[in-house]
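**Student:** Listed below are the residues making up each chain.
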Amino acid sequence: MERATLSKEEVRELFREYRAAEDPEAQAKFRGQLVNQHIGLVEFLARRFRNRGELLEDLIQVGTIGLLKAIERFDLDREVEFSTYATPTIVGELKRHFRDKGWAVRVPRRLQELHLKLTNVVGHLGQELGRSPTIAEIAQATGETEEAVLEGLEIAQAYNFTSIDAPIDGDSGGTTTFADQLGADDEHLENLEYRASLAPEMAKLPERERRILYLRFFKGLTQSEIADKLGISQMHVSRLLNRTLVQLRRALEEE
Amino acid sequence: METVSLSIPAGPEHLRLVRLVAAGLASRLQFTIDDIEDLKIGVDELCAYLTGSQGREGTLEIAFGVGDDHLEISGSGRFQPGDKIRTQLTELSRMILDTVADEAVLEQNDGVPRFFLSKRRASEKTIDL
Chain Y
470 MERATLSKEE VRELFREYRA AEDPEAQAKF RGQLVNQHIG LVEFLARRFR NRGELLEDLI
530 QVGTIGLLKA IERFDLDREV EFSTYATPTI VGELKRHFRD KGWAVRVPRR LQELHLKLTN
590 VVGHLGQELG RSPTIAEIAQ ATGETEEAVL EGLEIAQAYN FTSIDAPIDG DSGGTTTFAD
650 QLGADDEHLE NLEYRASLAP EMAKLPERER RILYLRFFKG LTQSEIADKL GISQMHVSRL
710 LNRTLVQLRR ALEEE
Chain B
9 METVSLSIPA GPEHLRLVRL VAAGLASRLQ FTIDDIEDLK IGVDELCAYL TGSQGREGTL
69 EIAFGVGDDH LEISGSGRFQ PGDKIRTQLT ELSRMILDTV ADEAVLEQND GVPRFFLSKR
129 RASEKTIDL
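In the order they appear, the protein sequences are chains Y and B. Under this note's numbering, the first residue of the first sequence is numbered 470, with each subsequent residue one higher. Under this note's numbering, the first residue of the second sequence is numbered 9, with each subsequent residue one higher.
You may find that some hints are simply not true.
Said to hold, decoys possible - Taking lysine to aspartate or glutamate pairs in the EDC-like style, the calculated list, with each CA pair at most 16 Å apart, reads: (1) Y/698 x Y/676; (2) Y/586 x Y/544; (3) Y/477 x Y/544; (4) Y/688 x B/106; (5) B/92 x Y/722; (6) B/92 x B/110.
Said to hold, decoys possible - What follows is a set of in silico ranges between Cβ atoms, one per label pair, in the way DEER data are often shown: (7) Y/493 x B/17: 24 to 32 Å; (8) B/24 x Y/612: 18 to 26 Å; (9) B/12 x Y/565: 40 to 48 Å; (10) Y/517 x B/91: 45 to 53 Å; (11) Y/489 x B/21: 48 to 56 Å; (12) B/102 x Y/672: 12 to 20 Å; (13) Y/513 x B/65: 14 to 22 Å; (14) Y/495 x B/94: 47 to 55 Å.
Simulated from the structure, these hints should not be mistaken for laboratory data. The beta-carbon is built from N, C-alpha and C at its ideal position, and this holds for glycine as well.
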C-alpha cells in the first residue's frame, strides 16, 4: 500500500467511506488505508518511549493497537482533526503497555539497556561480517564483558509480549504486514499445514510464530536469516521462537 | 575432554542456569550467536522432558564436556521412583533437535531418564552465509 499523505479533508473523506462501507472486505481496505495514513504518527509517538527498555518495533505494534481503537471511536461530527484525537489514545495504549505488560519479571534497568544495545549490535555485526557474530565479537563491539553479553541474551527471554505479538486483525498491520513477507519459496507452507498433524497445536499458533517455526525447523534457515527475511531483529526471532516452543511443549504435555 | 557439572532442582525456572552454562562454554569455543541460540533451544527441548512444564521433585544432573570444537551435554534426572517420565521424543521434538544439534538422544536406563546432545562449532549454514 502506498503512503501518499492525504489532506485533512481527504482523511475525513476516507473516514466517511469507511463508515459507509458495509462488507467486511471494503471495511478492511479503508481501515488499512487509515492505518497506513497514520502509521507515521504511531512511529513518532512510539519513539518517545523507546529508551524504556523495549524494542521500537514492539512499541509500534502497541501504538498501532491504540490507533485502531482511535479509528473505531473517532466521531466525524466533531471538528477535531483525527491525528489530534488519536494521539492521546495511542499514548494511552503505550503507557498502559508499560504499566501492564512491561518486563515479565523486574529486570534491572542496566540489563534492559544492555538488551537493547545487543539487539542493535547483533544486527549490525551480522551485516558487517556476513555471518552471525560470536559472543567475543559482540562483547568487543559493545564494550561489555562476554559474561554480560551472555546474560543479556538470556534476559531476552524475560520479556512478556504475549498480547502484542499476537497479530492485529486483518491487513491493518501498518508498516509491513506479515503477508507482505511471504516469498515465492514459502509456497510449500501447505506442507507445514500437513505436517501440523504431528502437532495440532501448531495450527493454532499465530501466523508469524508458525512461520518462524517453519522457516527454522522445516526450511533450516538460521535465526539471523529469518530475522533478515522478516525484517525484525535476531533477538526478536529468538524470543518468539523460544516462547512458541514453550507453549507447544506445554500443549503437548496436556494432551 | 574437560567437564563442567551442574546439579539443579528439577524445575523449569532453573533451566536458565543450564542454558547460561551451555552458552558460556560455547562462547569459549567461538560459537556464533546463531549456534548458541540453537544450542540453548536443544538443551531446553531435552531438559523439558525431564522437568516437565511444572517441575518435579528431584534433581537434574548436567555434565558439559568441552571438546576442541564441540560441546557434549549429557543430563539425567534423579526423581522419585514411580515418577512417569516420557522419554519418547515427539516428532516435533525430533525435528527441532535434528535442526539445532548434531546429535541428540533421549532414553531411559534402569528407570533413570537421560539425554545426550552434541553440537559442533559453526554449522555449515553459518559459514555459507
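**Student:** Each hint: holds or not?
**Tutor:** Okay, the hints, checked on the actual structure:
1. Y/698 x Y/676: 15 Å, holds
2. Y/586 x Y/544: The given pair, whose Cα atoms are some 42 Å apart, is violated under the 16 Å limit.
3. Y/477 x Y/544: Since the Cα atoms of residue 477 of chain Y and residue 544 of chain Y sit roughly 14 Å apart, the hinted pair holds (cutoff 16 Å).
4. Y/688 x B/106: 12 Å, holds
5. B/92 x Y/722: Status holds; Cα separation ~12 Å.
6. B/92 x B/110: Violated. Residue 92 of chain B to residue 110 of chain B sits at ~28 Å, over the 16 Å cutoff.
7. Y/493 x B/17: 24 to 32 Å: Distance hint for residue 493 of chain Y, residue 17 of chain B is violated at roughly 52 Å.
8. B/24 x Y/612: 18 to 26 Å: About 25 Å separates the Cβ atoms of residue 24 of chain B and residue 612 of chain Y, which means 18 to 26 Å holds.
9. B/12 x Y/565: 40 to 48 Å: 44 Å, holds
10. Y/517 x B/91: 45 to 53 Å: At roughly 52 Å between Cβ atoms, residue 91 of chain B and residue 517 of chain Y fall inside 45 to 53 Å, so the hint holds.
11. Y/489 x B/21: 48 to 56 Å: 54 Å, holds
12. B/102 x Y/672: 12 to 20 Å: Since residue 102 of chain B and residue 672 of chain Y have Cβ atoms about 19 Å apart, the given range 12 to 20 Å holds.
13. Y/513 x B/65: 14 to 22 Å: With a Cβ separation near 53 Å, residue 513 of chain Y and residue 65 of chain B fall outside 14 to 22 Å, so the hint is violated.
14. Y/495 x B/94: 47 to 55 Å: Holds, at about 51 Å.
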